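Visitor: Sequence:
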Amino acid sequence: MNHQTFDVVYEHLVIKGMDPTYRFWYHHGEEVPVKCMFDGQPFCSTSFMSDEKVDEPCVNDDVNEKVVDANTSLYPHCTKYTRMSAIVSLYKIKATNDWTDKSFTSLLELLHDMLPPNNVIPKSTYEVKKFLKVFDLGYEKIHACENDRCLFTKENKDLETCPICGHSRWKVDKRTKRMKRGVPTKVLRYFPLIPRLKRMFQMHDVAILLTWHMNHKNSDGKMRHPVDSVSWDSIDAKWPDFDPRNLRFGLATDGFNPFSNLSSRYSCWPVMLVTYNLPPWLCMSKENIMLTLLIPGPKQPGNDIDIFLQPLIDDLKLLWDGVEVYDVVSKSNFNLRVVLIWTINDFPAYGNLVGCTTKGKTACPICGEHTHSQWLYHSEKLVYMGHRRFLPPSHPYRRKKSWFDGKVEDRQVPRIANGNAIDTQLKDFQNFFGKVDKKKRKRQKELKGMWKK
257 MNHQTFDVVY
267 EHLVIKGMDP
277 TYRFWYHHGE
287 EVPVKCMFDG
297 QPFCSTSFMS
307 DEKVDEPCVN
317 DDVNEKVVDA
327 NTSLYPHCTK
337 YTRMSAIVSL
347 YKIKATNDWT
357 DKSFTSLLEL
367 LHDMLPPNNV
377 IPKSTYEVKK
387 FLKVFDLGYE
397 KIHACENDRC
407 LFTKENKDLE
417 TCPICGHSRW
427 KVDKRTKRMK
437 RGVPTKVLRY
447 FPLIPRLKRM
457 FQMHDVAILL
467 TWHMNHKNSD
477 GKMRHPVDSV
487 SWDSIDAKWP
497 DFDPRNLRFG
507 LATDGFNPFS
517 NLSSRYSCWP
527 VMLVTYNLPP
537 WLCMSKENIM
547 LTLLIPGPKQ
557 PGNDIDIFLQ
567 PLIDDLKLLW
577 DGVEVYDVVS
587 KSNFNLRVVL
597 IWTINDFPAY
607 GNLVGCTTKG
617 KTACPICGEH
627 THSQWLYHSE
637 KLVYMGHRRF
647 LPPSHPYRRK
657 KSWFDGKVED
667 RQVPRIANGN
677 AIDTQLKDFQ
687 NFFGKVDKKK
697 RKRQKELKGM
707 WKK
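Residue numbers are given in my numbering: position 211 of the sequence shown equals residue 467, and the series is strictly consecutive.
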């Protein structure tokens with residue numbers, strides 16, 4: 257028993273109320289009444305209670321205890337901060353101001369000493385990272401080849417050199433020429449996708465919002481959300497059994513300078529996913545845009561970005577077949593699938609992802625080999641003409657020779673190549689991933705015209 261004064265009991269039961277995460281009373285010797293699935297593991301909830309008893313204990317008790325620990329008040333009678341909110345707020349300040357781990361540890365020790373006794377604030381940076389790791393808020397460090405030829409993961413996990421180019425996995429001291437074993441040349445940071453998707457369906461309000469698109473498709477022909485787009489309709493038509501709870505993503509990436517000095521040539525590339533199941537006022541909010549990859553600099557990956565996308569692509573392929581997820585709304589497991597609708601890029605990044613040329617004679621991804629380009633000798637620039645071909649066949653401008661280039665425009669609009677046509681073009685295409693000889697890259701481009709990979 258735990259004896260408390262009347263004021264403490266009144267504060268716990270009346271002012272604060274019961275902890276909403278404490279869904280089944282198992283801390284006081286009660287037996288688990290029923291076993292049900294939560295995130296692939298047995299889970300106990302008061303909504304499933306019955307008179308039936310089972311012999312084995314609920315293995316999700318440990319998860320519940322961690323959640324309760326995260327929601328503990330920072331110190332007795334503190335109503336503004338919990339352990340989780342305090343740690344996240346302090347860690348954000350550390351990241352914003354570029355504090356070292358040592359200085360952050362000094363601050364935590366001082367705060368722990370300043371706050372009232374029995375406070376739950378960690379005393380070191382190590383404890384903070386260990387606490388956050390429990391909730392899958394960390395990331396995976398994946399070593400990469402200096403020439404962007406491979407990642408040291410899966411079958412390459414234990415290799416010391418790149419299996420393609422033979423370059424060392426570790427940095428080499430420029431002065432002594434000795435290898436710094438344990439110091440990788442490049443590190444890709446991957447934020448695992450699947451655990452975050454599972455957590456989304458374990459939060460009741462979020463799980464409801466993930467089916468918002470079902471009842472909000474417009475019938476007036478105007479587009480207010482991606483659910484009104486042709487791409488969304490084509491997915492529904494091609495896979496009519498696609499569960500409404502399945503997620504539809506857009507992928508965005510571009511380079512940015514992470515340092516305050518804007519003149520720096522350092523370029524770091526984040527790769528983000530946008531969840532379009534959510535309402536329009538939520539799907540583009542920063543809280544709901546998921547950072548999945550952080551591609552290291554200082555130089556942009558360019559056409560070699562494919563190697564760095566490998567962990568994300570592996571997860572997306574797995575999610576296309578589906579993973580078992582617990583839905584807190586229906587209180588049941590279902591097979592969660594994911595489809596990537598489109599990518600969002602500026603024109604140079606578009607060329608890097610798609611693998612087509614975005615400059616030169618065949619710069620238009622739509623026209624491709626039929627791009628109408630013209631070299632201006634005096635300006636020494638390429639210009640792209642022939643826009644009259646996109647007008648209706650009977651348009652008078654097509655016959656106005658003197659107004660334009662002195663020719664009648666009788667060409668038709670170029671057909672947009674579909675996936676099958678592009679696949680046929682690149683059937684025997686040999687990719688050279690990573691930084692390779694420029695002559696080899698040029699010869700590769702000459703073989704397939706507008707395609708680089």
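There may be inaccurate statements among the hints.
Said to hold, decoys possible - Below are the DSS-like pairs computed for lysine-lysine, each with C-alpha atoms no more than 30 Å apart in a straight line:
1) LYS573 / LYS555
2) LYS494 / LYS350
3) LYS379 / LYS413
4) LYS427 / LYS442
5) LYS397 / LYS348
6) LYS336 / LYS348
7) LYS350 / LYS410
8) LYS410 / LYS427
9) LYS410 / LYS358
10) LYS587 / LYS615
11) LYS691 / LYS663
12) LYS494 / LYS709
13) LYS442 / LYS709
14) LYS542 / LYS336
15) LYS478 / LYS442
16) LYS386 / LYS430
17) LYS555 / LYS336
18) LYS454 / LYS413
Said to hold, decoys possible - Estimated spans, in silico, between C-beta atoms of each pair:
19) ASP499 / LEU609: 49 to 59 Å
20) ASN676 / TRP598: 56 to 66 Å
21) ILE622 / SER362: 37 to 47 Å
22) TRP426 / VAL264: 51 to 61 Å
23) THR356 / SER541: 12 to 22 Å
24) ASP577 / LEU371: 12 to 22 Å
Hint data in this document are derived by calculation from the structure and do not stem from the laboratory. For clarity, every value in this text was computed on a predicted model and none was experimentally measured. Note that beta-carbon positions come from the ideal geometry of N, C-alpha and C, so glycine has one too.
Visitor: For every hint, state whether the structure bears it out.
Guide: Comparing the hints with the structure gives:
{"no.": "1", "hint": "LYS573 / LYS555", "verdict": "holds (28 Å)"}
{"no.": "2", "hint": "LYS494 / LYS350", "verdict": "violated (48 Å)"}
{"no.": "3", "hint": "LYS379 / LYS413", "verdict": "violated (34 Å)"}
{"no.": "4", "hint": "LYS427 / LYS442", "verdict": "holds (9 Å)"}
{"no.": "5", "hint": "LYS397 / LYS348", "verdict": "holds (20 Å)"}
{"no.": "6", "hint": "LYS336 / LYS348", "verdict": "holds (17 Å)"}
{"no.": "7", "hint": "LYS350 / LYS410", "verdict": "violated (33 Å)"}
{"no.": "8", "hint": "LYS410 / LYS427", "verdict": "holds (21 Å)"}
{"no.": "9", "hint": "LYS410 / LYS358", "verdict": "violated (34 Å)"}
{"no.": "10", "hint": "LYS587 / LYS615", "verdict": "violated (53 Å)"}
{"no.": "11", "hint": "LYS691 / LYS663", "verdict": "violated (44 Å)"}
{"no.": "12", "hint": "LYS494 / LYS709", "verdict": "holds (28 Å)"}
{"no.": "13", "hint": "LYS442 / LYS709", "verdict": "holds (23 Å)"}
{"no.": "14", "hint": "LYS542 / LYS336", "verdict": "holds (24 Å)"}
{"no.": "15", "hint": "LYS478 / LYS442", "verdict": "violated (46 Å)"}
{"no.": "16", "hint": "LYS386 / LYS430", "verdict": "violated (35 Å)"}
{"no.": "17", "hint": "LYS555 / LYS336", "verdict": "violated (44 Å)"}
{"no.": "18", "hint": "LYS454 / LYS413", "verdict": "holds (27 Å)"}
{"no.": "19", "hint": "ASP499 / LEU609: 49 to 59 Å", "verdict": "violated (28 Å)"}
{"no.": "20", "hint": "ASN676 / TRP598: 56 to 66 Å", "verdict": "violated (18 Å)"}
{"no.": "21", "hint": "ILE622 / SER362: 37 to 47 Å", "verdict": "violated (58 Å)"}
{"no.": "22", "hint": "TRP426 / VAL264: 51 to 61 Å", "verdict": "holds (57 Å)"}
{"no.": "23", "hint": "THR356 / SER541: 12 to 22 Å", "verdict": "violated (31 Å)"}
{"no.": "24", "hint": "ASP577 / LEU371: 12 to 22 Å", "verdict": "violated (49 Å)"}
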